[in-house]
Amino acid sequence: VGPYVLITPNQTRRNQLQQVAQKELNDLERWKEEHRPGPIKLVPQRLGGKESEAQARQKQQMMLMQSKYQQKKSIIACCTCGKNTRKSCLVEKASKSRKERLEVRKRHQEMQRRETFLEDQYYKTNELLNRLDLGLPKSDSCQIANHGPESTAWSRSRTYKQALREDENRRLEEMKQEQRRKAKLMECKQKQEEEARTRAHQNEQRSYLQSLFIFCCILRVNNAFLDRLQNNMQPNSTYQPGYPG
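Residues in the sequence shown are numbered from 261 upward in steps of one, following the working numbering.
All the given hints hold, so there is nothing to weed out.
Ranges of calculated distance between the beta carbons of each label pair, as one might list FRET restraints: (1) 289 / 318: 56 to 64 Å; (2) 358 / 435: 19 to 27 Å; (3) 471 / 293: 48 to 56 Å; (4) 275 / 301: 41 to 49 Å.
Treat the hints as calculated values from the structure; they're not laboratory data. For glycine and all other residues, C-beta sits at the position ideal for the given N, C-alpha and C.
Take the sequences, apply the hints, and build the full model.
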């Protein structure tokens, strides 16, 4: 442990600070006592509107009955709206699938036409090359091994045939990959649209049910308030809450 220095506090200054703090606290308490708010005096007023209690209760009962019918009507309307929405979605989905089938059929016909064209071109090219091969003089293997003009023409024709075949295979493979990619994109888009429609329908139903629940709660609270008010005004009556009498 290293050396340290101990400084003793100044007791006189400490006492002065305590006296100043105590004086400020006393001034604060005195100010609170002087500025304490007085009692509130309000003129008595009649509340509750211009209607009597019987009219208010009758109106409350009518609103409750109407709310029940309105709730049933709204539920029926919500179900009808949901059915109409589902029907419209099914019709839209059917029309979209019909369009997609037509598009796929058109693409298939275009592919068949291209394949027919490529096949015809391939046959014509082979026929031309065969004619060129028939025009060459026949020779044995030793003469073919010789790098003369005849063997060079034959190798060129064979290389050209192979290049045509590879080009045709490559084009077919590219067309197949393009079709697969378009089918995947279309499937993902349909799935996203279906999920968005489902979420929107669920949110609409949830908000509607929440508004109905809040309205019913408000009606119950008002009915309970009127019951308590009538019990307070008629303490000796045999009135029971919730039953008209």
